[in-house]
Amino acid sequence: MFMTPIPWQMRLFRAATFRLAILFALAVTASTSIVFFFVYLHVSVYDDKQVRSHLIAETADAAIEPMERIRGEFERRLASDLRIVDYAGFYAKDGTLIAGNLPAPPPGLVIDGQAYQLDSPLADADGYTRDPALFVGRRRADGTTVILGRSLYEIHALRRIVSRALLIGVVPTILLTLVIGTFFSLRSARRLQSINQRVNRIMQGHLNERLPTRSGGDDIDHVAHAVNLMLDEIVRLVSQIKDVGDNIAHDLRTPLAIMRARLERGLCSESDYGVRESVHQALRDLDRALMTITTLLRMSEIENGPLRRSFGTVDLCEVCSQIFELYEPLAETKAITLYLISSPPMPMIGDFQLLIEMVANLVDNAIKFTPQGGIVTLGAFASPHGPGLRITDTGPGIPAKEREDIFKRFYRHDRSRHDAGSGLGLSMVAVIAELHGYGFRVGDNRPGAIFEFLPKGLSGQASRT
Amino acid sequence: MKLDQEILQDIEPPAHSMHASSFQSQEEDSSALPTSRQASKGIPLLLVEDEAGMAAEIAAELSDLGYQVQIERTGPAGLAAARSQAFSLLIIDRMLPETDGLTLIEILRQENILIPVLVVSALSSVDEKIRGLKAGGDDYLTKPFAMGELAARVEALLRRPADLRSSILRVGPLEMDLIERSVRRDNRLLDLLPREFKLLEYLMRRPGQTVTRAMLLEDVWNYNFLPQTNLVDVHIGKLRKKIDQPGSPPLIESVRGAGFRLRA
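So the protein lines, in turn, are chains A and B.
Per my numbering, numbering of the first sequence is gapless, rising by one per residue and ending at 469.
Per my numbering, numbering of the second sequence is gapless, rising by one per residue and ending at 276.
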């Protein structure tokens, strides 16, 4: 029921543009009507008023003029009135017509000098004079009566013309607006429909589909373009997540597979000691896997969390000497000489715990990859753009083409090497550096590697982390 | 006396420090039992944990060590139990149905119930730990953890460090003078580096008590991360070489799956 196709008439009515067209038609009609209404008002009221006051004044004049002048005036007036819109009557005391074209006073007219609208007493054959007329009657001092009148035919004709014009004007306006509205709404409905179809395909998982855009660049194109950019970003993120997911799966699968094999072998073991040993080793593998998860979570916490942790002044020189003290015994057990390159205090703004962790990871790595009898150095130094750190070793070094990749997640410098790390140490280092606005420059120590922790952006030399 | 205070400030009791989770098991050279069963005989503990499997495992481990564990599954039930009975320690999961773990601790603290609390949580961020400790928790352990780590933390909370004011510490043949900053074994002066001195002091304040690598890194070095290599073991190894005598058994024992213990 929910998905039954909607008939096109309904679809049309639902389309926003069509509704807009109807609204527009209504607005046009309303404003036209208002204009016409004012014209009409002017014609009917203003003209009517003028005729009235004119008649009243003329009648008042006639009432005081000598009888002979009235007769002459009336004749002149009626002679020039070719359209028969004027009425005049001059009556004796007994009501007989002395002059004019009204045989008798119109019935219902009150003789008080005021204007009254009455039906015309003169009916023509063609009926035009049936239009109402205004009459003013006044009694003279000698007992005679003057009545003047004017047909409202002209005014009424004008009214008729105005209202007809209104009808003739408004109806086509409405129709035209509706037609144009329908045209545009059908046009945009077609575009929206095609966009909708693409969106449906994208929702079904075809992430490579894009919304159609035209070169014109109207509003819909802008939105479609923005959506396309958003889709590009989503595709990039999804593939990144997938990569990381694949890496996690791979990195967890290896220890889990080894663990499984060990437990299986342990179960078959004849001796109690064998079982215990395999369980112990399996536990160690499990710890490694859990460590990987914890490290990934910590990295995303540092990367995505707001900078809530306390940034303060950290002396890189102090960081180095603490790490030296922490790692010196370890280097000694591997017969590696760890040197602390002394420097004046190198204060920078940062998170002490995270910087300690970062340098620990780097020194840990350096010691791990340096053979017996090798040398590892660490120390702070003043770079032209701010305090920096330098860690060198005499290990196998890092080939130039790998220097960018080593900071990526799960990248193993040398996959054949069976190191116990999670493969995330340098990624963590990169995340911490990024948080501080720093980057790394990796160089050749001939033999060995040089890691330089430098302010990013300013130098432009520090490699991307 | 001033010197003494400085040293004391340097070494924080575990109650107020942050703890990273530890599930690293390392090579052990001896396999002493994690905790003496006799010492913890019948100590009543309350465990408030909604995950049945996790609760059963923790309870089994602690019962094996001789503790008497009562399990509650919800916040209100835990609160009721903590109010009605005298427990020596509470282990509270951070996320509980009905009443949240931190809220539970806050209510208890408001009611002046000051039993030590170990917060156990799947939330590992530094901010979460700070929140847990601020709410009144005494220690914070992140899941997943090694059972040895849990046992050591429980023991540490139950046995607060010995008298902090005394300036001479004596454990077995060892004697540490905190004012002179000297250590003697059977009246023979030992030559220790400052860090080794601090490490030994931490152990001597907790004789016979298991301390984990994470506890040492947090409390002795003040770091809240775990290095990937066996750093702590190397430091302990160096210390052992200086305090042990050929022929006699090592004073610092390794505790399998947990950490180290200074023989009392």
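Since the hints were made in silico from the structure, they are not lab data.
Note that the Cβ used here is the ideal one computed from N, Cα and C, for glycine as well.
Hints are supplied without guarantee of correctness; some may be wrong.
[To be verified] The calculated label-pair distances, taken between Cβ atoms and stated as ranges, are:
1) A/G316 - B/L135: 22 to 28 Å
2) B/D139 - A/G278: 44 to 50 Å
3) B/D112 - A/L235: 45 to 51 Å
4) B/E192 - A/P351: 32 to 38 Å
[To be verified] In silico lysine-lysine, DSSO-like type, Cα no more than 30 Å apart, as pairs:
5) A/K372 - B/K146
6) B/K210 - B/K250
7) A/K405 - A/K372
8) B/K210 - B/K155
9) B/K210 - B/K253
10) A/K246 - A/K460
11) B/K155 - A/K246
12) A/K405 - A/K460
13) B/K250 - A/K338
14) A/K338 - B/K53
15) A/K372 - B/K53
16) A/K338 - B/K146
17) A/K372 - A/K338
18) B/K250 - B/K146
19) A/K372 - B/K210
20) A/K372 - B/K155
21) B/K155 - A/K338
22) B/K254 - B/K210
23) B/K155 - B/K53
24) A/K97 - A/K246
25) A/K372 - A/K460
26) B/K253 - A/K338
[Said to hold, decoys possible] Coverage of chain B stretches by chain A, computed from C-beta distances (three or more under 8 Å per stretch; other residues unrestricted):
27) 76-84
28) 180-192
Now for the hints, and whether the structure bears them out:
For the pair A/G316 and B/L135, the beta carbons lie near 25 Å from each other, so the given range of 22 to 28 Å is met. Between B/D139 and A/G278 the C-beta distance comes to about 45 Å, which sits within the given range of 44 to 50 Å. A C-beta distance of roughly 40 Å is found between B/D112 and A/L235, which places it outside the suggested range of 45 to 51 Å. Separated by about 35 Å at the C-beta atoms, B/E192 and A/P351 satisfy the suggested range of 32 to 38 Å.
The hinted pair formed by A/K372 and B/K146 fails the criterion: a straight-line CA distance of about 39 Å is larger than 30 Å. Under the criterion of a C-alpha separation no larger than 30 Å, the hint pairing B/K210 with B/K250 is consistent with the structure, at around 13 Å. At roughly 21 Å between alpha-carbon atoms, A/K405 and A/K372 fall within 30 Å of each other, so this suggested pair holds. With a C-alpha separation of about 29 Å, the suggested pairing of B/K210 with B/K155 holds against the 30 Å cut-off.
At roughly 16 Å between alpha-carbon atoms, B/K210 and B/K253 fall within 30 Å of each other, so this suggested pair holds. At roughly 29 Å between alpha-carbon atoms, A/K246 and A/K460 fall within 30 Å of each other, so this suggested pair holds. Using a Cα cut-off of 30 Å, the hinted pair B/K155 and A/K246 holds, with the two alpha carbons roughly 26 Å apart. Restraint check for A/K405 and A/K460: satisfied, since their Cα atoms lie roughly 21 Å apart, inside the 30 Å limit.
With a C-alpha separation of about 13 Å, the suggested pairing of B/K250 with A/K338 holds against the 30 Å cut-off. For the hint pairing A/K338 with B/K53, the CA-to-CA distance comes to about 44 Å; that exceeds 30 Å, so the pair is violated. In summary, the hint linking A/K372 to B/K53 is not supported, as the alpha carbons are separated by about 45 Å, beyond the 30 Å threshold. The suggested pairing of A/K338 with B/K146 is violated, with an alpha-carbon distance near 42 Å, which exceeds 30 Å.
Between A/K372 and A/K338 the CA atoms are separated by roughly 9 Å; this keeps the pair inside 30 Å, and the hint holds. Restraint check for B/K250 and B/K146: not satisfied, since their Cα atoms lie roughly 36 Å apart, outside the 30 Å limit. Restraint check for A/K372 and B/K210: the C-alpha separation of about 27 Å stays at or below 30 Å, so the hint holds. A threshold of 30 Å between alpha carbons decides the hint, and for A/K372 with B/K155 the separation of about 29 Å falls inside it, so the pair holds.
With a C-alpha separation of about 33 Å, the suggested pair B/K155 and A/K338 falls outside the 30 Å cut-off, and the hint is violated. Between B/K254 and B/K210 the alpha-carbon distance is near 14 Å, which keeps this suggested pair within the 30 Å criterion. This hinted pair checks out: B/K155 and B/K53 have alpha carbons roughly 26 Å apart, not beyond 30 Å. A C-alpha spacing of about 116 Å is found between A/K97 and A/K246, which places the hinted pair above 30 Å, so the restraint is violated.
Restraint check for A/K372 and A/K460: satisfied, since their Cα atoms lie roughly 27 Å apart, inside the 30 Å limit. For a cut-off of 30 Å, the pair hint linking B/K253 to A/K338 stands: about 17 Å separates their Cα positions. As drawn, the segment 76-84 of chain B meets chain A at 0 residues by the rule of a beta-carbon pair under 8 Å; below three, the given contact is violated. With 0 residues having a beta carbon nearer than 8 Å to a beta carbon of chain A, the segment 180-192 of chain B misses the requirement of three or more and the stated coverage is violated.
The structure is inconsistent with the numbered hints 3, 5, 14, 15, 16, 18, 21, 24, 27, 28, although it conforms to all the rest.
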